[in-house]
Amino acid sequence: MKTKSSEKRKRWLAILLVTGLLAGVLSACGNGTRAETSSAGGQNGSASEEAQKTEQKSGETGGDEADSGEVKTLSIFIDHTWYPVDSFTGAIPDEITKRTGITLDVTVAVDTNQLGTMISSGELPDLVYTQRLLDTLSNPNICYSYEDLLSEYNVDWEIPAKQLGIARGYSQDGKAYTVLNMFADTSDWENSNSVPMVGSLSYRRDIYEEIGCPPMNSLDDLYAVMGQVKEKHPDMVPLQLLGQNWNTEVFKDLVGVGALRYIEQEDGSYQCYIRDERYKEVLLWLNKCYASGYISPDDQFFSDASQGFNADGYFFSCGCTQNGITGTNAELAAIDPSYVRWEMKPFDTAYYGQSSLGWSGVFISKNCKDPEAAIKFVQKMFTPEMQQLSQMGREGIDFTFDDKGFPVYSDEWMASVKADTNVKDYNTWFYLGGSTIIEADGRVAQMEEDWYKDAYPEIRKRYENLPWIEAARPIGETDEKIAEDKVTELIMPYEQRIIQASSQEEAAALYDELITNAEKSGLADVEAYVTQRVAELMPMYQ
Amino acid sequence: MANYLATGRRRKRSREDWIIDTAVYLLAAIIFAICLYPFWLSIILAFNEGTDARTGGIYFWPRKFTLDNFKNLIDDPAWAKALLITFFRTVLGTTLIVLFTTTVAYGLSFVNLVGRKVYMSVMIIAMYFSGGIIPYFMVLRTLHLINNFLVYVIPSMLNIFYCMVAISSFQGIPPELGESARLDGAAELTIFAKIILPISKPMLATIAIFTAVGQWNSWYDCAFFTQNKNLRTMGYLLMAIINKASLANQSMDAYAASAASSTVTTMSVQLAAMIVAVGPILLIYPFFQRYIVSGITIGAVKG
Amino acid sequence: MAVDERKKSVWKRIGKQKQIQTFVWAGLLFLFVFNFVPMFGIIMAFENYSIADGVKGLFTSEWVGLKYFREFVNDYNFFSLIRNTLVLSLSKMVFTLPLPILLALIINEIRSRLVKRIVQTVSYLPYFISWVIVAGFCQLFLKSNGIVNNMLISIGSIEQPIAFMTGKQYFLPIAIFTACWKDMGWWAILFLSAIAGIDPNLYEAAEMDGCSRLKRIWHITLPGIKSTITVVLILSLGNLLGGGLGGSNFDQAWLLGNGGNSEVSEIIQTYVMKIGLSKGRYAYAAAIGLCQSIISVVLVFTSNFFSKKVSGDSLF
Chain A
192 MKTKSSEKRK RWLAILLVTG LLAGVLSACG NGTRAETSSA GGQNGSASEE
242 AQKTEQKSGE TGGDEADSGE VKTLSIFIDH TWYPVDSFTG AIPDEITKRT
292 GITLDVTVAV DTNQLGTMIS SGELPDLVYT QRLLDTLSNP NICYSYEDLL
342 SEYNVDWEIP AKQLGIARGY SQDGKAYTVL NMFADTSDWE NSNSVPMVGS
392 LSYRRDIYEE IGCPPMNSLD DLYAVMGQVK EKHPDMVPLQ LLGQNWNTEV
442 FKDLVGVGAL RYIEQEDGSY QCYIRDERYK EVLLWLNKCY ASGYISPDDQ
492 FFSDASQGFN ADGYFFSCGC TQNGITGTNA ELAAIDPSYV RWEMKPFDTA
542 YYGQSSLGWS GVFISKNCKD PEAAIKFVQK MFTPEMQQLS QMGREGIDFT
592 FDDKGFPVYS DEWMASVKAD TNVKDYNTWF YLGGSTIIEA DGRVAQMEED
642 WYKDAYPEIR KRYENLPWIE AARPIGETDE KIAEDKVTEL IMPYEQRIIQ
692 ASSQEEAAAL YDELITNAEK SGLADVEAYV TQRVAELMPM YQ
Chain B
668 MANYLATGRR RKRSREDWII DTAVYLLAAI IFAICLYPFW LSIILAFNEG
718 TDARTGGIYF WPRKFTLDNF KNLIDDPAWA KALLITFFRT VLGTTLIVLF
768 TTTVAYGLSF VNLVGRKVYM SVMIIAMYFS GGIIPYFMVL RTLHLINNFL
818 VYVIPSMLNI FYCMVAISSF QGIPPELGES ARLDGAAELT IFAKIILPIS
868 KPMLATIAIF TAVGQWNSWY DCAFFTQNKN LRTMGYLLMA IINKASLANQ
918 SMDAYAASAA SSTVTTMSVQ LAAMIVAVGP ILLIYPFFQR YIVSGITIGA
968 VKG
Chain C
27 MAVDERKKSV WKRIGKQKQI QTFVWAGLLF LFVFNFVPMF GIIMAFENYS
77 IADGVKGLFT SEWVGLKYFR EFVNDYNFFS LIRNTLVLSL SKMVFTLPLP
127 ILLALIINEI RSRLVKRIVQ TVSYLPYFIS WVIVAGFCQL FLKSNGIVNN
177 MLISIGSIEQ PIAFMTGKQY FLPIAIFTAC WKDMGWWAIL FLSAIAGIDP
227 NLYEAAEMDG CSRLKRIWHI TLPGIKSTIT VVLILSLGNL LGGGLGGSNF
277 DQAWLLGNGG NSEVSEIIQT YVMKIGLSKG RYAYAAAIGL CQSIISVVLV
327 FTSNFFSKKV SGDSLF
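Chains as they are written, first to last, in my numbering: chain A, 192 to 733; chain B, 668 to 970; chain C, 27 to 342.
Calculated from the structure, these hints are not laboratory results. Where is the CB? At the ideal position from N, CA and C, for every residue including glycine. Hints are all accurate, no fakes.
Derived, one-sided and incomplete: chain B residues facing chain A with beta-carbon distance under 7 Å:
| hint | residue |
| --- | --- |
| 1 | 722 |
| 2 | 800 |
| 3 | 801 |
| 4 | 804 |
| 5 | 910 |
All chains, full assembly: derive it from the sequences and hints.
So this is what it looks like as structure tokens:
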């Protein structure tokens with residue numbers, strides 16, 4: 192390989208070119224990264240973003256301007272991949288901005304691992320709205336604690352003791368780093384017209400009347416009803432049991448197990464519900480239904496309601512209260528006006544025990560540009576006025592209250608619901624400090640009274656929220672938490688296998704196998720842990 | 668080679684030809700049907716009302732025609748920007764990956780390269796081991812690639828799998844081709860660019876189409892390494908739509924949202940999203956395909 | 027480069043090769059930055075690492091040794107996970123590698139250029155259909171009132187619909203079929219391009235010698251793409267646990283798996299996703315990932331070794 196002078200020149204040229212390119216690349220990087228996120232001097236931003244940044248800057252520097260109605264922008268990461276909105280737009284967000292002086296720059300997760308990566312790399316936005324990794328985020332290196340911010344900025348917010356206690360339970364230092372929305376006590380529901388969201392069985396009222404309204408007060412009754420339905424309508428699936436949604440929970444509630452993960456025993460200890468005889472009974476009964484052809488095998492494969500058969504294909508359907516049948520009834524009415532689905536009156540044995548700590552919380556990250564504005568914003572979102580606004584719209588414009596206290600929506604609102612543009616036009620999805628009771632009222636108001644009049648008063652009577660059980664469940668990366676996760680992953684497949692077993696004996700054997708494997712995964716340790724924690728936590732909730 | 672049959676002199680077809688041709692055409696017809704039908708089904712279902720499609724019985728033509736499934740996608744102004752970003756990343760990314768990967772492959776294709784065995788082992792190890800996303804993120808941040816368009820093209824510049832394919836392809840080229848130029852004192856880069864690359868068109872086209880499709884569909888880097896909304900790619904927006912549509916196994920609120928009455932279903936929106944994403948690739952592919960099926964010309968080999 | 031160069035000293039040879047060495051080193055430098063530097067993250071597999079500690083945590087976390095490996099091995103369904111993963115991977119491997127080669131050969135034998143192009147274009151269309159949609163199609167075709175069941179009932183071969191999607195004996199055939207269907211045409215592109223690279227003179231010479239078409243395929247086409255086949259075979263063996271060529275094990279097991287067939291459809295990746303990553307347990311996931319990587323590399327080096335011994339072709 193000889194080298195001529197021309198060759199040399201060419202090579203130098205090539206090297207120069209490469210170096211030049213590299214330099215260009217690197218300098219471009221330098222300009223690109225920080226400029227766009229932090230300073231107002233970004234050149235690639237669109238006009239509106241420029242405007243936002245200028246606002247931000249002035250908001251940061253001049254406090255006097257903030258008072259004169261300056262709008263501040265906070266960035267928020269919403270860790271719900273399914274979230275139906277990805278921008279803070281619509282009539283309701285506009286009104287929120289008007290009342291709080293805050294607008295949100297929204298990013299919705301597209302992958303569940305995103306939040307973990309953001310936490311570990313320190314790239315969190317101002318706010319994080321999530322129901323996962325609560326214990327990881329409740330960390331002074333990652334987020335501001337609400338209590339510190341409240342006292343530092345003299346914000347007047349008396350967080351209810353239980354919610355405060357729940358939030359503190361997630362942190363190591365005993366401070367609250369968030370407040371979970373959608374929390375309600377048993378007593379809160381007593382004055383409500385609606386019901387909490389629990390599993391509920393709905394049935395085709397028109398067909399039920401057709402077969403002469405036989406009693407439905409036990410699993411055996413239901414089995415008999417399904418037999419009659421199958422006889423009259425051989426093409427129909429008597430019982431819809433879709434994927435993992437609500438299906439076994441509905442029956443657990445009906446036979447009296449409730450939706451509690453751990454159940455208090457006579458000696459005061461707590462046991463996982465899978466050990467309950469009544470749970471076994473439910474599974475064996477479902478197996479009997481399956482063997483009789485009352486459950487479609489396909490339903491076990493479909494994971495959500497939109498994948499199964501059409502609404503008129505099922506007689507019984509496992510779902511939830513509040514809005515479980517609203518959409519289905521709309522679909523049914525479109526097929527035939529006489530078709531309608533009612534929620535079934537619970538058995539006499541029914542028990543609606545739940546353990547709910549709330550749903551999601553807003554965390555204020557250490558990267559937050561303006562923690563003062565953030566905490567004030569969160570506080571406002573928890574006020575009753577803002578809860579109403581964010582979940583039901585503007586009173587007087589979008590809805591008015593009737594004499595029972597249910598909202599009556601405006602014609603424009605209802606039209607937008609029909610046209611499927613409600614989310615875009617109004618946007619009820621920023622209930623960061625939402626109330627589950629207001630939500631329930633809003634949803635039940637959209638139902639006809641007939642649909643739920645048998646069921647809801649009974650459910651309300653038999654409902655109970657025992658938050659300490661959920662609070663006592665292990666968190667962090669402890670052995671108990673790992674064991675509990677493993678048990679959780681065991682249950683669903685085993686439920687399906689038991690339901691599909693070829694005989695009752697096989698189903699019973701599989702149930703025993705489930706318990707054995709749960710034992711092997713450390714269930715007893717988890718139960719001991721929960722028992723002990725409940726004893727510690729109970730006083731706070733009494 | 669492709670041409671030897673098509674351009675072959677007219678001669679009498681033997682009995683063997685008849686048998687083979689019949690078998691080949693028969694198999695081709697079966698493959699054609701099996702592969703095309705589900706794709707066709709996707710298209711007609713995407714243009715059909717979701718709730719109606721769920722009742723089944725749609726095989727060849729939409730029953731209740733609608734554009735609702737596409738409405739979601741096109742309504743959003745972010746799509747135009749994403750299309751532009753995706754186009755640029757595809758063009759730039761494909762060019763860089765193909766050039767860089769084949770250059771490295773060219774070097775490694777010399778059997779007598781000192782240290783070749785070690786280099787190859789290093790590549791294999793790099794292919795199968797990874798430290799996970801967190802340290803990777805840190806490296807990208809150190810290089811100022813986070814929130815930067817270049818994160819789409821730079822970190823993926825060397826694809827080891829394509830590199831291996833390119834090496835095997837280069838090794839199939841007779842060494843004499845480069846040798847005379849080398850004796851004339853040509854630099855390796857010149858030999859590579861002027862002699863080797865032109866006769867490797869089928870392989871280049873293959874790597875290019877593989878890479879381009881990967882770049883076009885990519886969403887992972889956008890989701891994890893950029894927070895800037897101006898850098899959103901189409902793959903990312905599609906992923907977001909698919910997530911939004913599949914409210915499966917979620918919390919109560921997700922269940923609530925799915926109950927909102929609408930004729931749009933998970934499946935129908937996903938299909939529409941998919942068709943929007945695949946369309947442009949199908950339009951561009953025939954241009955690449957020309958190089959793959961026609962292969963190298965006899966002239967190049969002899970020249 | 028003549029043979030006698032081998033005798034010269036290493037440095038002299040490097041000096042002679044400095045241009046191509048530069049090409050290779052550019053690649054190695056790239057790998058160093060983007061692959062090897064981040065690899066220090068692997069130590070997390072041996073640490074009590076929490077994402078709250080960030081990158082610093084990688085160096086400061088408590089060392090727990092093989093804790094996560096023990097946890098995995100002691101899991102109640104460890105053996106069934108390993109069995110399911112291997113069965114799924116191997117059975118897919120047996121079909122997904124030969125079919126694209128066969129398809130490439132068939133397409134190559136089509137005389138009409140137009141037909142050839144159409145068939146090739148159509149054959150890779152399924153590649154663009156995402157696994158989510160493929161799973162949707164599976165239910166469309168295979169549900170109890172789906173096309174397949176209706177057909178079987180109408181011809182009278184069954185009376186009750188078959189529960190394809192939830193029966194455990196059907197998972198494997200469905201997984202194999204969909205993997206082949208989806209990726210066959212795509213990977214055939216690779217083999218077609220290798221066929222396109224074969225010197226046409228060889229065919230002409232063979233034809234003059236009176237070789238039949240089958241013989242030409244056997245003696246010219248197949249040997250001509252042998253090295254490509256070897257490369258693809260070795261690399262897909264390396265990805266055996268991920269599902270070979272297409273690497274589709276996770277998608278299939280995740281989307282087609284359900285309680286009914288979980289006995290055979292639960293594989294390592296889905297299990298790790300469920301009890302590891304989705305719970306924020308990065309260290310546990312890293313430990314299992316590390317095991318898979320080691321197995322992959324061992325498989326690549328072994329298969330490369332045997333390939334070299336048996337056929338003379340190899341990756342390196």
